[in-house]
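Trainee: The lines below spell out each chain.
Number of protein chains: 2
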Amino acid sequence: MAFLVGLLTGVIASLINLAIENITGLKMLRMVTLVRERRYWAGFLYFAGVNLGLTFVAAALCVVFAPTAAGPGIPEIKAYLNGVDTPNMFGAPQLIVKIVGSIGAVSSGMDLGKEGPLVHIGACLANLLSQGGEGRWRLRWRWLRFFNNDRDRRDLITCGASSGVCAAFRAPVGGVLFALEEVATWWRSALLWRTFFSTATVVVVLRGFIEVCRNGRCGMFGEGGLILFDVSGVTVRYHAGDLLPVTLVGVLGGLFGALYNHVLHQVLRLYNLINARGRLAKLALALAVSVLTSAGLYLLPFAVPCTPCSAAGAAAASCPTVGKSGNFKQFNCPDGFYNDLASLLHATNTDATRNIFSTGTAGEFRLDSLLIFFAIYCVLGLLTFGIAVPSGLFLPIILMGSAYGRIAALVLARFVRIDHGLYAVLGAAALMSGSMRMTVSLCVIFLELTNNLLLLPITMFVLLIAKTVGDAFNPSIYEIILDLKGLPFLEPKPETWMKDIAVGELAAAKPRAVTLQVVERVSTVVEVLRSTPHNGFPVLDRPRPGVSELHGLVLRSHLMAVLRKRWFLPERRRTEEWEAREKFSSTGLAEKAGSVDELQLSPEELDMYIDLHPFTNTTPYTVVETMSVAKAVVLFRTCALRHMLIIPKFQGLEISPIVGILTRQDLRAHNILGAFPLLANKRKVH
Amino acid sequence: MAFLVGLLTGVIASLINLAIENITGLKMLRMVTLVRERRYWAGFLYFAGVNLGLTFVAAALCVVFAPTAAGPGIPEIKAYLNGVDTPNMFGAPQLIVKIVGSIGAVSSGMDLGKEGPLVHIGACLANLLSQGGEGRWRLRWRWLRFFNNDRDRRDLITCGASSGVCAAFRAPVGGVLFALEEVATWWRSALLWRTFFSTATVVVVLRGFIEVCRNGRCGMFGEGGLILFDVSGVTVRYHAGDLLPVTLVGVLGGLFGALYNHVLHQVLRLYNLINARGRLAKLALALAVSVLTSAGLYLLPFAVPCTPCSAAGAAAASCPTVGKSGNFKQFNCPDGFYNDLASLLHATNTDATRNIFSTGTAGEFRLDSLLIFFAIYCVLGLLTFGIAVPSGLFLPIILMGSAYGRIAALVLARFVRIDHGLYAVLGAAALMSGSMRMTVSLCVIFLELTNNLLLLPITMFVLLIAKTVGDAFNPSIYEIILDLKGLPFLEPKPETWMKDIAVGELAAAKPRAVTLQVVERVSTVVEVLRSTPHNGFPVLDRPRPGVSELHGLVLRSHLMAVLRKRWFLPERRRTEEWEAREKFSSTGLAEKAGSVDELQLSPEELDMYIDLHPFTNTTPYTVVETMSVAKAVVLFRTCALRHMLIIPKFQGLEISPIVGILTRQDLRAHNILGAFPLLANKRKVH
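Just so you know, the protein sequences line up as chains Y and V, in that order.
Each residue of the first sequence is one higher than the one before, counting from 1 in UniProt numbering.
Each residue of the second sequence is one higher than the one before, counting from 1 in UniProt numbering.
Treat the hints with care, as some may be off.
Given that identical chains are not distinguished, each listed pair holds provided it fits within a single copy or across any two copies.
[Claimed, not checked] Below are the DSSO-like pairs computed for lysine-lysine, each with C-alpha atoms no more than 30 Å apart in a straight line:
{"hint": "1", "residue 1": "583", "residue 2": "493"}
{"hint": "2", "residue 1": "565", "residue 2": "510"}
{"hint": "3", "residue 1": "499", "residue 2": "583"}
{"hint": "4", "residue 1": "631", "residue 2": "493"}
{"hint": "5", "residue 1": "583", "residue 2": "631"}
{"hint": "6", "residue 1": "499", "residue 2": "565"}
{"hint": "7", "residue 1": "493", "residue 2": "27"}
Hints were generated in silico from the structure; no laboratory data involved.
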């Protein structure tokens, strides 16, 4: 299965890439032709019109068919692997909208990447494969059933996510590490090997496509081979004296990253208000951003003077170029001159990154062009991310960061002895780390992107500094988005004040747990299901006088299955095991629970009994009521629980064998502080 | 702290390297001079004598001062991080013996690496630093106390292990991944970042040393810079046609690896018998292997004919060489000729690997030389590992594997279109994976060793194949060693038959758990401590009639602390919290427990009472007696427990609130099968 996930992700990623490269290439060629003919207005209208159309397709698809396909999808995957299932997230509509929308959005020249969406596409593929497909068209092969359980689905989605990263950056090891460091909550060593297998498959598929597309047969696709931004050409030599400027790049990168997170947070809150106004508002917002982007990309290159080709020095590449790619775009300049800002702005984001990373080009880009580039991409990056199209965060930040790195190199020119292209790489790494707060995975992704092993120690150094600086200000961008989306993500570490409160106190602050007897009247069960939204109910028993028993935990879905099948007993008795086994299969019990109200039960049926004991999980995880919440949170998270039963400290006749039941929501810091405001004060003291 | 660990590991690794390179270099130079003078016997005696002396130093140190310093130490680190503390493993004597012994053993030319020992050295440093030093010389700085707890010690040892790998292979990311994939049992995202930080420090230190030692100022050290075996010179081009030979290399590598594991297992069992005979036997074994090695290394090059330098083709290096390094050793050959086997055998293992990995040298090594090399290193590798000197497994396997890869390239010459040096890399990767069964970390280590990113996809492919093939035959080499050492390692996955047995049944098969009352007579406590070896005792209470309580779990060390301080009560009463807090500090309680018999208690004291309630952990992890062992094992491992209390299913007056107590030993598959032999049959059916 991991193989299939990798295979499909690789194929789809290649096709998306192919489509984006060709659409952008055609668009740019026509636009530049118009500009060369000095029909500037026509050029702008053509450029903006095509972009608007592409954005409209992407946004309309997103708004109408799959609102959850907007954005990168990575926070939702992270939440899913933490145990929070966002509805309608990993289905076929999301997959298709994400693919088409991603092509449209990226081709429209907006400041967003296809990297995040590719991760989501990988996860969707994994989910659909594990279930054999969507709804009515579902394949019902027998062997697929082996994967249709929560754990294998979780594992496959992890594989999908790492395949996505691998396909986006052509970085197999980076993909595995990204899944490990950023996405997954639980990790098993078997998973390492499975994700590795799927990313290996992706790489093989990508290699195949690149092989086929060699010699420009598929447009720009395949350029650079497996290494997207090769900077291995320069030999890196650095000494103690280089540490100071590099440290500065790291510190500033951390500050910028934290600031970016902060501002993006505010923008997203504003956008949430706009998007809440309905579909038209969402669409209008996306189109407005598209027009703004087109205007910026088209008009700004006119603002910088043309550079004579000779100034580029030894770079022997053809200069100027009018075609699709190349470092020296002629655009509006006379022959023999090039417009350095146009080289950066009039390309796919990938090509722009390749240009800005290119080594041996210290004098190629002017400081003012880079400043304009940095400024426009800061603004666009902040404005674009929240709109209703599939959008990734990686590339915008890499672009911003690389511009920042080159600016730093130009400003610090007298202290800089490392190639400016490498400074661009370091700047990108610093900003990524300052915003996303990843370390090892970023390091490997950058290594695999740039193929310069000697740069690794400085990259590590910069990443660590930027992360440390960023962490001093705010959480990572994904955590901010998770929080904004209101997903109940369980943090790996409990808060310190959680040690001061026991789970028993927590349970006492909640309504009393609704319990069932092991043989219960149908009417009681229906009543309980109707009146509470809980998903699990403790089952009690009193096998003989003087002895009480916490029999276990029964799930709402199982109760619904029993009601649906009307497996009722006329009298209050315990059934034998075979009776239930004859009637219920494990797949039947795993089906989705509908609503209680749909069941039409006659008064006679309501008067009958249900024996819950075949459906009860008799060994749920239990904690004593005096256990601290901190300890309970650790247990809950490490064992990946959904319900945790609280048992009393003392055992006696008059004492109920259950104190309460805790769920994920009960253990979230925010909710506990709501019930115990005094802890919030303590929190400040700590 | 992670910084300090990295710093010291880096410094020590560099010094070890320096010492080994220089000792070996001097030895070789003198030996070759004797050979050039045609005094063959004198050459042999000198060579064997020096080797014997060096081995004697290493083995004698190991045997006399620190028997646990023999071998690689990685299995013990793995066990420690799993929760099994091997006594006298991470102290100062082990550290010093490991450093000196490693220098001696590697310089003596034996077929062992310094990589495993470096990992152990890193772990020792981490442990000593976390405690502020050893025994009497311990630093008692206040801030060190923050690290002197189990979790931080565990984390630091993980950092130490990854620093060791990083220092050995100059592979910072590989080090982190090695710790993650092979060594650590529990992993937190904070740990990723800490290990990354310490490996980053190691790299900076190594860079510093290499910088200082440039231009041959420190002998051979520093050659190759940060990348040990650079093969980035060749551009890798591979096509579908190359898949077949590469697959073959992978499959055969897996087979060889599994075979190697199997034979090594047998050899180690034999050696265990010999080593059990006492110190002299150990020493004699080590010296015998040393003589055998010297004979092999010295005599075998005479068996191959000399190759004329011109046959080496375009390789413009000086040929032949008489000095310390170089691909074309003259040895016994006339001028203008070189002895290819001597190039491989008369060098440190690192240099031999560099020679055999060197690219563009398809014709340099003769098939018969390679076959001899492969054979002698197979034999020596198997014989050397178990002797009483610090020895690593990495380099012997890499050497064997690279020879195997080159042989494969020569044999398959007509199908091979990739450079033979790269085939050597692939062969080494295949054999490593076939024996050690790592994937991602090996992949990254090889990437960082060879600096050829384009080789990555094929390396991944070969690693996956070899691991799959190897797993079909036997467990990884580290698991075999763990098993041989009898360390109670908890496997990540419970066996399937564990689902068929409940923890209650397990407890019933053991002697009844020894429980204490919350206020207990001193004589009873002493008696319990004396008669049982348990480390934890359940504490029961009966606060009022009709109510019973499992008060919690008290540790042997805490009971001992109370007895040592003679904190006894004249009457049976509960104490107030401040009474105990006045008397005991957390550091006092954490001290090592001595033996009960050392305490001289008067009969009056024995008649007094102890109130256990301030010392009891009132919220131990509990499971219901009906829970399956499989579920309990998962809980035990994921929450890193030492004791797990079993509570009864039913609560009632006449029912004790505790059924039993489970420890690591109780949950090991081997021990369960001992008590329930019937399950073993079931196991076969499954």
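Trainee: Each hint should be assessed against the structure and marked as holding or not.
Mentor: Against the structure, the hints:
no.	hint	verdict
1	583 with 493	neither (44 Å within a copy, 32 Å between copies)
2	565 with 510	neither (33 Å within a copy, 44 Å between copies)
3	499 with 583	between (47 Å within a copy, 24 Å between copies)
4	631 with 493	both (10 Å within a copy, 23 Å between copies)
5	583 with 631	between (40 Å within a copy, 27 Å between copies)
6	499 with 565	between (46 Å within a copy, 29 Å between copies)
7	493 with 27	neither (50 Å within a copy, 55 Å between copies)
Of the hints listed earlier, those the structure fails to meet are numbers 1, 2, 7, in rising order.
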